[in-house]
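Number of protein chains: 2
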Amino acid sequence: MNIGIIGLGLIGGSMAIDLRRRKFADSIVGVDADMINASAALRIGLVDELVSEDECVEKSDIIIVAVPVSAAMKVVCRVLDRFQKEGWTDKIVMDVCSTKEPIAKATMYHACRSQYVATHPMAGTEYSGPWSALPNLFDSKVCIFADQEESSPKAVETVSRLYDALNMRISFMSSASHDVHTAYVSHLSHVISFALANTVLDKEKDEKHIFDLASGGFSSTVRLAKSNADMWTPIFIQNKENLVKVTDAFIQKVQEFRDNIENMDEAAIRSFIDEANRIKRIIK
Amino acid sequence: MNIGIIGLGLIGGSMAIDLRRRKFADSIVGVDADMINASAALRIGLVDELVSEDECVEKSDIIIVAVPVSAAMKVVCRVLDRFQKEGWTDKIVMDVCSTKEPIAKATMYHACRSQYVATHPMAGTEYSGPWSALPNLFDSKVCIFADQEESSPKAVETVSRLYDALNMRISFMSSASHDVHTAYVSHLSHVISFALANTVLDKEKDEKHIFDLASGGFSSTVRLAKSNADMWTPIFIQNKENLVKVTDAFIQKVQEFRDNIENMDEAAIRSFIDEANRIKRIIK
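Those sequence lines, one after another, are chains A and B. For the first sequence, the positions run 1 to 284 when the working numbering is used. For the second sequence, the positions run 1 to 284 when the working numbering is used.
A portion of the hints provided could be inaccurate.
[Claimed, not checked] Cross-link-like lysine-lysine pairs, in silico, DSSO-like; alpha carbons within 30 Å at most: (1) A/Lys-105 <-> B/Lys-105; (2) A/Lys-203 <-> B/Lys-240; (3) A/Lys-203 <-> A/Lys-105; (4) B/Lys-245 <-> B/Lys-105; (5) A/Lys-203 <-> B/Lys-23; (6) B/Lys-280 <-> A/Lys-141.
[Said to hold, decoys possible] Computed far set for chain A versus chain B, every beta-carbon distance over 10 Å: (7) Phe-24; (8) Ile-36; (9) Gly-45; (10) Lys-74; (11) Cys-77; (12) Gly-87; (13) Gly-124; (14) Glu-157; (15) Asn-198; (16) Lys-226; (17) Arg-270; (18) Arg-278.
[To be verified] Here are a few chain B residues that face chain A, going by a calculated C-beta distance under 7 Å: (19) Ala-106; (20) Met-108; (21) Ile-170; (22) Lys-203; (23) Leu-243.
Calculated directly from the structure, the hints in this document are not laboratory data. Keep in mind the model is a prediction, meaning the values are calculated, not measured. Quick reminder that beta carbons are idealized off the backbone N, C-alpha and C, glycines included.
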């Protein structure tokens with residue numbers, strides 16, 4: 001299978017590594033608008049060749065769009081336009097974006113919609129760029145397929161095989177419910193980490209103290225605050241409606257707990273913590 | 001050195017492991033009000049013998065008080081009373097509590113205050129009980145000594161050697177500034193995790209979806225929500241004043257960011273994230 005990857009960052013690059021060594025990909029060509037990223041990806045050996053977007057679409061059986069969500073919408077539409085224009089009915093384009101509804105709406109009425117598979121591999125780190133690419137990044141994680149009934153069964157099957165090669169478990173849902181769920185379990189966590197980092201940085205002008213007192217607890221809660229603005233700004237904007245609701249629910253919880261503390265209501269604090277402990281059953 | 005540990009949980013138990021194998025402790029006796037904890041600690045081999053609190057004070061050169069903060073205040077005072085009554089001027093009592101001001105006030109005027117060393121080893125996990133005790137838990141972490149000028153130089157020196165054996169770096173500060181700093185870098189993180197867990201658990205009645213979508217991001221932000229109510233309820237209450245202020249500052253940050261998202265103010269979102277990214281210089 002000839003693979004083309006548009007966007008040679010953490011996700012695109014990590015896919016390249018495992019698709020190649022697990023022999024799913026016979027060849028991998030890559031595109032990146034950022035010349036530093038592009039040449040790093042070539043030097044590291046993530047891709048065999050750097051090409052233009054046009055060439056990438058021409059040479060590849062599967063085109064993986066792994067750019068930030070705002071750009072992805074345009075790229076996927078452009079690729080579908082090209083499929084239509086050239087009469088390429090066997091090629092497949094897939095994206096890996098963290099928000100699914102806006103791109104679903106943008107592609108909904110495209111003549112070649114069935115050649116597009118909307119996916120979201122739920123894996124990553126707080127780092128970015130081709131030098132952050134890792135082998136085994138996707139192993140045992142979950143990949144969401146959104147609105148799979150809009151894609152041709154053959155395209156879904158091919159992309160499923162691709163994710164099998166990445167050792168991912170596949171879960172199907174609508175793009176709308178994907179965006180609600182990710183607002184809760186991923187996007188909100190990022191909002192919280194950014195806000196925590198800024199709260200602490202604002203107050204602790206003497207950074208030595210942060211460092212001294214930053215035990216494991218703080219480091220893990222604030223870890224996501226290292227995530228990058230290019231990726232996350234468009235995600236927050238695209239998932240605005242869900243995220244605002246979810247953030248309001250969170251603020252209310254924090255406020256409730258804060259009031260329990262202020263009132264020294266031991267029973268209420270204890271029951272809030274006991275409730276939260278139920279997360280043990282779900283997260284290891 | 002003969003060591004007595006009152007409170008055979010994660011911290012007391014982990015200290016026992018390393019103090020013994022690094023040959024700081026010649027013998028270790030233990031006390032725990034919970035018979036299940038106590039007998040587990042003996043069975044695991046954390047302590048040589050289970051004794052009463054009275055016997056523990058009698059047999060030990062250093063008494064480590066590792067019970068939750070609410071109880072610790074009473075235990076430390078009781079031990080100091082005993083020192084005074086028996087005329088034991090060479091014994092030392094130390095605590096390992098996460099809040100330092102209330103206990104500082106409670107002991108301030110005690111005739112034997114100089115035999116008490118107030119410490120907070122900044123290490124732990126989200127688990128509790130003697131079966132959670134780990135070797136190397138304290139390695140390379142920081143231990144705070146609070147108000148060390150109130151303790152005798154000899155007592156400070158002896159307890160410093162104990163923490164040397166645990167491979168900790170020692171940092172000195174007043175109990176008041178300890179409690180402000182820990183409110184920011186430890187207690188707030190816990191408030192956030194508990195609130196996040198409850199937000200998500202409330203909304204996601206179908207827990208399978210949480211599990212499916214819980215990528216690394218959520219797991220790390222919510223990790224502390226597994227922490228236990230017996231330990232954290234009294235910490236929150238004892239550090240109420242600082243914690244309420246800090247939580248208010250955090251709520252304001254979340255609100256600001258939420259408003260930027262609602263207004264789709266890309267520049268403001270981006271600059272909020274860029275600011276938060278400065279945490280990279282501090283946290284690895």
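Verification of the hints:
At roughly 63 Å between alpha-carbon atoms, A/Lys-105 and B/Lys-105 are farther apart than 30 Å, so this suggested pair is violated. Under the criterion of a C-alpha separation no larger than 30 Å, the hint pairing A/Lys-203 with B/Lys-240 is consistent with the structure, at around 18 Å. Restraint check for A/Lys-203 and A/Lys-105: the C-alpha separation of about 43 Å exceeds 30 Å, so the hint is violated. A hinted pair counts as satisfied when its Cα atoms are at most 30 Å apart, and B/Lys-245 with B/Lys-105 qualifies at roughly 21 Å.
Proximity of A/Lys-203 to B/Lys-23 is assessed by CA-CA distance (about 41 Å); at most 30 Å being required, the pair is judged violated. A hinted pair counts as satisfied when its Cα atoms are at most 30 Å apart, and B/Lys-280 with A/Lys-141 qualifies at roughly 26 Å. For A/Phe-24, the non-interface assignment is confirmed: its Cβ lies about 22 Å from the closest Cβ of chain B, beyond the 10 Å cut-off. Every beta carbon of chain B lies more than 10 Å from that of A/Ile-36, the smallest distance being close to 19 Å; the non-interface claim holds.
Separation of A/Gly-45 from chain B is adequate, the least Cβ-Cβ distance of about 26 Å exceeding the 10 Å criterion. No Cβ of chain B approaches the Cβ of A/Lys-74 within 10 Å, the least distance being about 16 Å, so the stated non-interface status holds. The beta carbon of A/Cys-77 is kept farther than 10 Å from every beta carbon of chain B, the shortest such distance being approximately 21 Å. Remark: the non-interface label on A/Gly-87 is consistent with the geometry, its nearest Cβ contact in chain B lying 38 Å away (cut-off 10 Å).
A beta-carbon of chain B comes within 10 Å of the beta-carbon of A/Gly-124; the shortest separation is about 7 Å. Its beta-carbon lying about 21 Å from the closest one in chain B, A/Glu-157 satisfies the requirement of being farther than 10 Å from that chain. Separation of A/Asn-198 from chain B is inadequate, the least Cβ-Cβ distance of about 5 Å not exceeding the 10 Å criterion. Taking the minimum C-beta to C-beta distance to chain B, about 5 Å, the non-interface status of A/Lys-226 is violated against the 10 Å cut.
The Cβ of A/Arg-270 sits about 5 Å from the closest Cβ of chain B, inside the 10 Å cut-off, so the non-interface label is violated. Its beta-carbon lying about 6 Å from the closest one in chain B, A/Arg-278 breaks the requirement of being farther than 10 Å from that chain. Proximity of B/Ala-106 to chain A is violated relative to the hint, the smallest CB-CB distance being about 17 Å (cut-off 7 Å). A hinted interface residue such as B/Met-108 counts as satisfied when its beta carbon comes closer than 7 Å to some beta carbon of chain A; here the least separation is about 22 Å, so the hint is violated.
Proximity of B/Ile-170 to chain A is violated relative to the hint, the smallest CB-CB distance being about 10 Å (cut-off 7 Å). Restraint check, B/Lys-203 versus chain A: the minimum CB separation of about 6 Å is within 7 Å; hint holds. Given hint, B/Leu-243 at the interface with chain A, holds; its Cβ is 6 Å from that chain's nearest Cβ, closer than 7 Å.
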